[in-house]
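Visitor: Okay, here's what each chain looks like letter by letter:
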Amino acid sequence: MIRVMSDEKGQAFTLEGITAALLILIVTYTLFESSVVVSPIWSEYGDIQLKQLGYDVLRSLDVHRTNMNLSACPDTQNITRNSLQYMLIQLNTSNPQPNQEFLNALDMMLDPSIKKRLEVYWVNQSNNNTIEHLVLINNTPIPDAVGVSRIIVLYPCDVTSSSPFYGSFTNDTALAVEVRMILWHV
Amino acid sequence: MVKKSLRKGERKRELRNDESGQVLILFSLIVATLIASLAILHAQNLIAGVESSRAFLSFPKDDIRNLKVIARLDFQHLDCDAEEKLIDQIKLLYASKGTYVDFETISSHHYQLVYSNSEVYFTESLYVEDEDIWLPSGGGGGAS
Chain A
0 MIRVMSDEKG QAFTLEGITA ALLILIVTYT LFESSVVVSP IWSEYGDIQL
50 KQLGYDVLRS LDVHRTNMNL SACPDTQNIT RNSLQYMLIQ LNTSNPQPNQ
100 EFLNALDMML DPSIKKRLEV YWVNQSNNNT IEHLVLINNT PIPDAVGVSR
150 IIVLYPCDVT SSSPFYGSFT NDTALAVEVR MILWHV
Chain B
0 MVKKSLRKGE RKRELRNDES GQVLILFSLI VATLIASLAI LHAQNLIAGV
50 ESSRAFLSFP KDDIRNLKVI ARLDFQHLDC DAEEKLIDQI KLLYASKGTY
100 VDFETISSHH YQLVYSNSEV YFTESLYVED EDIWLPSGGG GGAS
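Protein sequence lines, in the order shown, are assigned to chains A and B.
For the first sequence, numbering that gives the first Met the number 0 gives the first residue as 0, with consecutive numbering after it.
For the second sequence, numbering that gives the first Met the number 0 gives the first residue as 0, with consecutive numbering after it.
Hint data in this document are derived by calculation from the structure and do not stem from the laboratory.
These numbers come from a predicted model, not from an experiment.
Don't be surprised by glycine CBs; every beta carbon is placed ideally from N, CA and C.
Some hints here could point you the wrong way.
Computed cross-link-like contacts, DSSO-like style, restricted to lysine-lysine with a CA-CA straight-line distance of at most 30 Å [what the hints assert, rightly or not]:
no.: 1; chain 1: B; residue 1: Lys11; chain 2: A; residue 2: Lys114
no.: 2; chain 1: B; residue 1: Lys96; chain 2: A; residue 2: Lys115
no.: 3; chain 1: B; residue 1: Lys60; chain 2: B; residue 2: Lys7
no.: 4; chain 1: B; residue 1: Lys67; chain 2: A; residue 2: Lys50
Per the computed footprint, the stretches of chain A lying under chain B, defined by three or more beta-carbons under 8 Å from a beta-carbon of chain B, are [as the list claims (entries may be wrong)]:
no.: 5; stretch: 89-100
no.: 6; stretch: 103-113
no.: 7; stretch: 144-150
no.: 8; stretch: 164-178
Heads up, incomplete: computed chain A residues facing chain B, CB under 7 Å, no partners named [to be verified]:
no.: 9; residue: Leu21
no.: 10; residue: Leu22
no.: 11; residue: Thr29
no.: 12; residue: Ile47
no.: 13; residue: Tyr54
no.: 14; residue: Val62
no.: 15; residue: His63
no.: 16; residue: Ile130
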């Protein structure tokens, strides 16, 4: 009994054990703590496919003209009716609405579970280069919505006096119109 | 009593001479340092992977393609003056979204596309050939 009580070797081993355990605990904690990267990117992964789909839709609807009949203004014969160009050209100041062919094409490419908002932005060159905009499809987006855009170039020949872009041209200039589409899942 | 104190002294000497505990701590320190180094290396790889995939995903490839298409297909139908005015409009539209875009003229038909925002800085040389000028000969529409 006296021998066991006075043997202090056990205390030293216990101390060493506790020190080693503490060290391993600290290292394990560091390992797990440093491995977890909390980043806002995780929420972006879910939306990236929707964003790419939006860009692809806008790219598909941008049917660029290779020729234009300058004597016919606007030259609607050389523009596909479901294109972004035609949708912009046919807009009327009094009631700016996308044409049905364009809306049908948009609906065919986007899943019914995807809601959209469509806006156009352009620079009014006649009014001190202020940026003007129109809302063509007016839905209220949710926080998870993604935005895509494409710039379309319109020529003075394309627009009539009833167009919302008519007053934004100055002599012999083209007009850059940004079509902005906001998409979200419902 | 004398025997007891002798024993106590011996035991103290024994403990003092016992170096196996120190070796144990030394080795545990070495092992801990190794594990910590591996943990740091592992974390660095993870962060590098996340950052590179983020850079890949946020790269505005569609916007840049759109700008290149405009340069290649629309600039060829515009004279120099109309070109400059179109570039100014594109700059303003992108500036409203916090991005600097420019087509710097290097020489005739040679441009340097610049796309710069908080995440990306991109430049590319573009060669544009004039084909059928629609402006200013097109005229029509628009206020003067």
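Visitor: All the hints need checking, so say for each whether the structure fits it.
Guide: Verification of the hints:
1. B/Lys11 / A/Lys114: Since the Cα atoms of B/Lys11 and A/Lys114 sit roughly 82 Å apart, the hinted pair is violated (cutoff 30 Å).
2. B/Lys96 / A/Lys115: Since the Cα atoms of B/Lys96 and A/Lys115 sit roughly 20 Å apart, the hinted pair holds (cutoff 30 Å).
3. B/Lys60 / B/Lys7: Answer violated: B/Lys60 to B/Lys7 is near 81 Å, above 30 Å.
4. B/Lys67 / A/Lys50: 20 Å, holds
5. 89-100: Our answer is that it is violated, as 0 residues pass the Cβ test (under 8 Å) against chain B, missing three.
6. 103-113: violated (count 0)
7. 144-150: Per the Cβ count (4), the hint holds.
8. 164-178: holds (count 12)
9. Leu21: 10 Å, violated
10. Leu22: 4 Å, holds
11. Thr29: 6 Å, holds
12. Ile47: Nearest chain B Cβ about 6 Å off; hint holds.
13. Tyr54: 4 Å, holds
14. Val62: 11 Å, violated
15. His63: OK, holds: A/His63 within 7 Å of chain B, min 5 Å.
16. Ile130: 6 Å, holds
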